[in-house]
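Student: Sequence:
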Amino acid sequence: MIDEFLSDYGAVGLPAGNTGTQMGGWFRREVKTAADFNGLKMRIGGFAGLVLQKLGVVPQLIAGGDIYPSLEKGTIDAAEWVGPYDDEKLGFNKVAPIYHFPGWWEGGAALHLLISKQKFAELPKHYQGIVRAAAALANVDAQSKYDAQNPAALKRLVAAGTQLRPFSQEVMEACYKAALEVYAEQSAKNPKFKKMHDHYMAFRNEQYLWWQVAEYNYDNFMIRQRSKGL
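Numbering (our numbering), first residue to last: 1156 to 1385.
Among the clues, some could well be false.
Straight-line C-alpha distance at most 27 Å; calculated DSSO-like pairs for lysine-lysine [said to hold, decoys possible]:
#: 1; residue 1: K1349; residue 2: K1272
#: 2; residue 1: K1249; residue 2: K1300
#: 3; residue 1: K1244; residue 2: K1310
#: 4; residue 1: K1228; residue 2: K1249
#: 5; residue 1: K1249; residue 2: K1196
#: 6; residue 1: K1347; residue 2: K1274
#: 7; residue 1: K1244; residue 2: K1228
#: 8; residue 1: K1209; residue 2: K1228
#: 9; residue 1: K1209; residue 2: K1332
#: 10; residue 1: K1344; residue 2: K1209
#: 11; residue 1: K1350; residue 2: K1332
#: 12; residue 1: K1332; residue 2: K1347
#: 13; residue 1: K1332; residue 2: K1187
#: 14; residue 1: K1209; residue 2: K1196
#: 15; residue 1: K1310; residue 2: K1187
#: 16; residue 1: K1209; residue 2: K1383
#: 17; residue 1: K1209; residue 2: K1187
#: 18; residue 1: K1310; residue 2: K1209
#: 19; residue 1: K1310; residue 2: K1383
#: 20; residue 1: K1332; residue 2: K1349
#: 21; residue 1: K1196; residue 2: K1332
#: 22; residue 1: K1272; residue 2: K1347
#: 23; residue 1: K1187; residue 2: K1228
#: 24; residue 1: K1272; residue 2: K1350
#: 25; residue 1: K1332; residue 2: K1344
#: 26; residue 1: K1228; residue 2: K1196
#: 27; residue 1: K1187; residue 2: K1272
#: 28; residue 1: K1244; residue 2: K1196
#: 29; residue 1: K1300; residue 2: K1244
Label-pair restraints from in silico Cβ distances [unchecked claim]:
#: 30; residue 1: Q1362; residue 2: A1303; range: 22 to 28 Å
#: 31; residue 1: V1286; residue 2: Y1371; range: 56 to 62 Å
#: 32; residue 1: T1188; residue 2: Q1273; range: 50 to 56 Å
#: 33; residue 1: N1372; residue 2: P1306; range: 18 to 24 Å
#: 34; residue 1: D1353; residue 2: N1375; range: 29 to 35 Å
Hints in this document: simulated from the structure, not taken from any laboratory.
Positions of the beta carbon are idealized from the N, C-alpha and C atoms, including for glycine.
Based on the provided sequences and hints, a complete structural model is requested.
Tutor: In structure tokens form, the structure reads like this:
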């Protein structure tokens, strides 16, 4: 369906990286309830910005290099970036002590390599195969590196004083409700979005049906064993 969508723009898209679930971002003060979002100035864009706007957030589009000084001066109250490994390098923990999670707007941020459809079609088939193989390797490699490097980075951040705070159930449910409203609004005015969204949601529901049987129960058990020191 991505191919069909991108075809209208003369492009081919190949999955070429993923971060896994990202963090919810750095906050100068803790968000305990959905009401705490009201008036909060946050560096965030895209659909997440549209969703949080419904809860009173004032989205700010700020380049990566400008996030730190904006947090430090109080120009913004919060900012999301990626996760521990990337965030640590930018030093956000020095100017915003609260590290909320999860970044529900990027539960699996898939990166795509975009190529001119015409130029890609002109390549010999074995060259196309090389590009597809390289993108597939990058896709697995990026996820693997984040999985391997995030734990140590998170430990260092916590050791340096970072305060980990999960978004409360109330906050998560309010955000989910707002997200569904945004998706419904987009679907009403964009048939292509609706087609992809309906397909995605149906597929996701089937996946969670399976996930809760084996994956969830296995991971949940292993996490409990870890908490017991076993």
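Student: Between K1249 and K1300, is the straight-line Cα distance small enough, at 27 Å or below?
Tutor: It holds: about 25 Å lies between the C-alpha atoms, which stays within 27 Å.
Student: For N1372 and P1306, compare the CB-CB distance with the range 18 to 24 Å and indicate the outcome.
Tutor: 22 Å, holds
Student: Do the alpha carbons of K1187 and K1228 lie within 27 Å of each other, as the hint requires?
Tutor: Holds, at about 23 Å.
Student: Between D1353 and N1375, does the beta-carbon spacing fit 29 to 35 Å?
Tutor: With a Cβ separation near 30 Å, D1353 and N1375 satisfy 29 to 35 Å, so the hint holds.
Student: Given the hint that K1228 pairs with K1196, does the C-alpha gap stay at or below 27 Å?
Tutor: 13 Å, holds
Student: Is K1196 close enough to K1332, meaning Cα to Cα at most 27 Å?
Tutor: 21 Å, holds
Student: For the pair we were handed, K1187 and K1272, check the Cα-Cα distance against 27 Å.
Tutor: 47 Å, violated
Student: CA of K1228 to CA of K1249, is that 27 Å or under?
Tutor: Judged against 27 Å, a Cα distance of about 12 Å means the pair holds.
Student: Would you mind confirming whether the straight-line C-alpha gap from K1244 to K1228 stays at or under 27 Å?
Tutor: Roughly 19 Å separates the two Cα atoms, so the pair holds.
Student: Hint check: K1272 vs K1350, CA-CA at most 27 Å. Holds or violated?
Tutor: 22 Å, holds
Student: Would you check the hint for K1332 and K1349, treating anything up to 27 Å between C-alpha atoms as holding?
Tutor: 17 Å, holds
Student: Given the hint that K1209 pairs with K1383, does the C-alpha gap stay at or below 27 Å?
Tutor: Given pair K1209, K1383 is violated - Cα atoms ~41 Å apart, limit 27 Å.
Comparing the model with each numbered hint stated earlier shows that hints 16, 18, 27, 31 do not hold.
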